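Trainee: The chain contents come next:
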Amino acid sequence: MTRTMGIAGLVAIVLAAGAAGAETLAPGNVVINDMVVETSLTGTPGDPAAGAVKAVDRKLGNCLACHAFSKMSSELFHGNVGPSLDGAGDRWTPEQLRAIVVNSKGVFGDQTIMPGFYTLDVGIDVDPKFEGKTILSAQDVEDVVAFLSTLKE
Amino acid sequence: MDIRKLGLAAALGLTAGMAFGPAQSDPVDDTLVIDGETEITTRAKAVEGVPFDEVISGWHYRTDETREVEADSFANPGMLYVERGEEIWNTVDGAAGKSCASCHDNAAESMRGVGAEYPKWNAAAGKPYNLELFINDHRVEKMQAEPYKFDAADQKALVTFVKHQSFGMPVKVDLEAGDMKAWWEQGKERYYTRTGQLNMSCATCHEDNNGNYIRADHLSQGNVNGFPTYRLKQSNMVSLHNRFRGCIRDTRATYPAAFSDDLMALEVYVTWRGTGLSVETPAVRQ
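If you read the sequences in order, they're chains F and E.
Under our numbering, the first residue of the first sequence carries the number 1, and numbering increases by one thereafter.
Under our numbering, the first residue of the second sequence carries the number 1001, and numbering increases by one thereafter.
Everything labelled a hint here was simulated from the structure, so no lab data went into it.
Please read these numbers as outputs of a predicted model, since none were measured by experiment.
Backbone N, C-alpha and C define an ideal beta-carbon position, used for all residues, glycine too.
There's no promise every hint is true.
[What the hints assert, rightly or not] Sample of chain F residues at the chain E side, in silico, Cβ under 10 Å: (1) V36; (2) V56; (3) D57; (4) L60; (5) H78; (6) N80; (7) V122.
Isolated chain E, as found in the complex (with noise of 0.2 Å):
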């Protein structure tokens, strides 16, 4: 980029100080403690491979006002989300008389640091498997009850509980583990493929443009560690392949379906991406 600039500059004959590019806008320098106790990994050394030094939470790049509601957990309406998931947690549904409950018991620790590292190679699947498809067959198995449909909000409601339960835990995704390398191939493809009448990539906003502000959006790094989120704008819970759909439609695109082999794959890589990033769950964003 910076090559391209200077070539384009030199070849005008401007000057250096006449060079394009306004001034980033950088990340906000904060730290995330939550209620004054817990401090949260925001910033990372990015693991090899990833083309940036330091992986940054979206936290970094909302406005005072967000980044606060986020920091006060009474003020934070995604812990409500995260109430809800515990009563299903709680519930019986489903032919097998059973809840999640019954056989996983105290989420605290039954769950603590699962939700950390999905996606996941799911073997019986024979594909990466997110939280969202890991309980939908597990309701139909385990409890002989109906799968959510997608972002239903009993489905974004446990997802978000069942998260919450790794708070504060690094993001790691094991990339040996069956086909997933494979599936993170077709991952960073699909981030680096233009789409749509506005001929955009993931890369062009995420990657290229990180910083600045497109309209009244700072473009973050666009790190998946605090999903299912709380979007202010939707007074809503939004799930991250809602996200990612939004952002390719955002391009005049036509989106693959949730749950396709196209967001899986995408999924794997972009978690990848924020590996070492505290899970964040349920995050606060405009």
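The following block holds chain F by itself, in its conformation from the complex (with noise of 0.2 Å):
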């Protein structure tokens, strides 16, 4: 019984990545535009509980760096560089929401704080072991849009 529900599972997530594979868009194709990115980066709809652990994470999404969020207020120190994400989904659309995580300067202008973090458009003398990479994966960009769009008052 175990055994088969593994192979199901497998097959399920084989078939899910395959699918993303094959509509994954690149960092270097994704347009802003308008301050919106359109379409789904893989068009695997995103999860929002699993946004939410990679939101958090440090080395992932780091948002609490910067922002609060009351949803994470059991998170010990969190920044106040950036407003609270309180909200978001109320002020922002997902598509949006989608600009706004894979490179905010194509929406705040380029002197924001925040970090691209789906774009090679970044600094000079990256780190080796970051070089060529974006801080999150095209589907990490949609669980995280998804869970900011529940962020709703």
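Hints are included, so try docking the two chains, each in its own frame, into the full complex.
Mentor: So this is what it looks like as structure tokens:
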């Protein structure tokens, strides 16, 4: 029983990954137009629960370094460099949130401190560990966007 | 920054009340008096060209506990490094059989004010020198001793000791000497250059966002008047180039070598920004 489920699960994952792989937009091909990224980066709907975890993870979104949101008030030490994300899902459409997470400079202007999470338009002397890589994967972005869309007041 | 925020708010039809930006967490309004005696200048009118009205020591951005530790020279662990530095000052080293004291005698007199003017143009080397570089050359030439490796414990202690002899005196950098202006320019360019995967410059954090918290860190203006500083988190003295490298690394970038032209230029520029603040060495930071 367990084994069958395991195999079924595995097949599902492979299918999902295959589907995502086929449609995933490379960072260079994502266009921010009028403060929005119109289409999903992967074609796979974002998972808000996974998005919440990735937003908080210091090695991934690390959003709490700069933002508070009350759903995560149990997390210690959030920053206040950026505004509280409470109500972000009311203030912004998912397409706008996608643009903000992909590369906030395309929305807030070049001077913003907020890093671009799915762009290779970055600073000089990138540590070789991170060279040619984005902070979040395309599906991470979709998950985080799905999570942000749930932040309604 | 405000203009951009306004523009964005306008674009979204937000009311002014909803505009971005959390309330600034201001630097703490307090006065640094060491042992109830020596008042330290921790706020000074910025010199022309610095993009602030007032330059503020990092001391004002630290917690009550951390500020108190610095205000009490018995509690300040950095003072142990001053003591260790004094021992080194008086110890013979190298083939010439000399100590610093052999030639300079009492540091309280001979070194008073010296550290406040570094980095300083060094004509022989044709570039700006900080105390670390100066003392290293000096050890070779005057003492026939080995230069210190970057961040060797003795280097940090001796530099802390020499800098401490200027305690309370205003930082001033002579930009008229030699090619200092060109180095200042290069340092300024570096200050505004965004680095790493996180794509941030020194200005992104210390100019645009000082007063805000990034995680638990209250961002200061990034002034250097307290270096070498005692960092509670590391339980150790931290040299200036170590701090520079740490800040650059945090943008997920590779960092230049200590004492490289890049970091020397940055030191010239950043030190100049803090002109007028007292030398606070050994400052205490989190």
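Trainee: Against each hint, give a clear statement of whether it holds in the structure.
Mentor: Hints and how they fare:
1. Because the closest C-beta pair between V36(F) and chain E is about 12 Å apart, greater than 10 Å, the hint is violated.
2. Against a cut-off of 10 Å between C-beta atoms, the interface hint on V56(F) is violated, since the closest Cβ of chain E lies about 12 Å away.
3. Evaluation of the D57(F) hint against chain E yields a violated restraint, the C-beta minimum of about 14 Å exceeding 10 Å.
4. Because the smallest distance between the Cβ of L60(F) and any Cβ of chain E comes to about 13 Å, over 10 Å, the interface hint for this residue is violated.
5. For H78(F), the shortest C-beta to C-beta distance to chain E is roughly 7 Å, which falls under 10 Å, so the interface hint holds.
6. Interface restraint check for N80(F): the shortest CB-CB distance to chain E comes to about 4 Å, inside 10 Å, so the restraint holds.
7. Annotation: interface hint on V122(F) holds; nearest CB of chain E at approximately 5 Å, less than 10 Å.
Violated hints, in rising order: 1, 2, 3, 4; the structure is consistent with all others.
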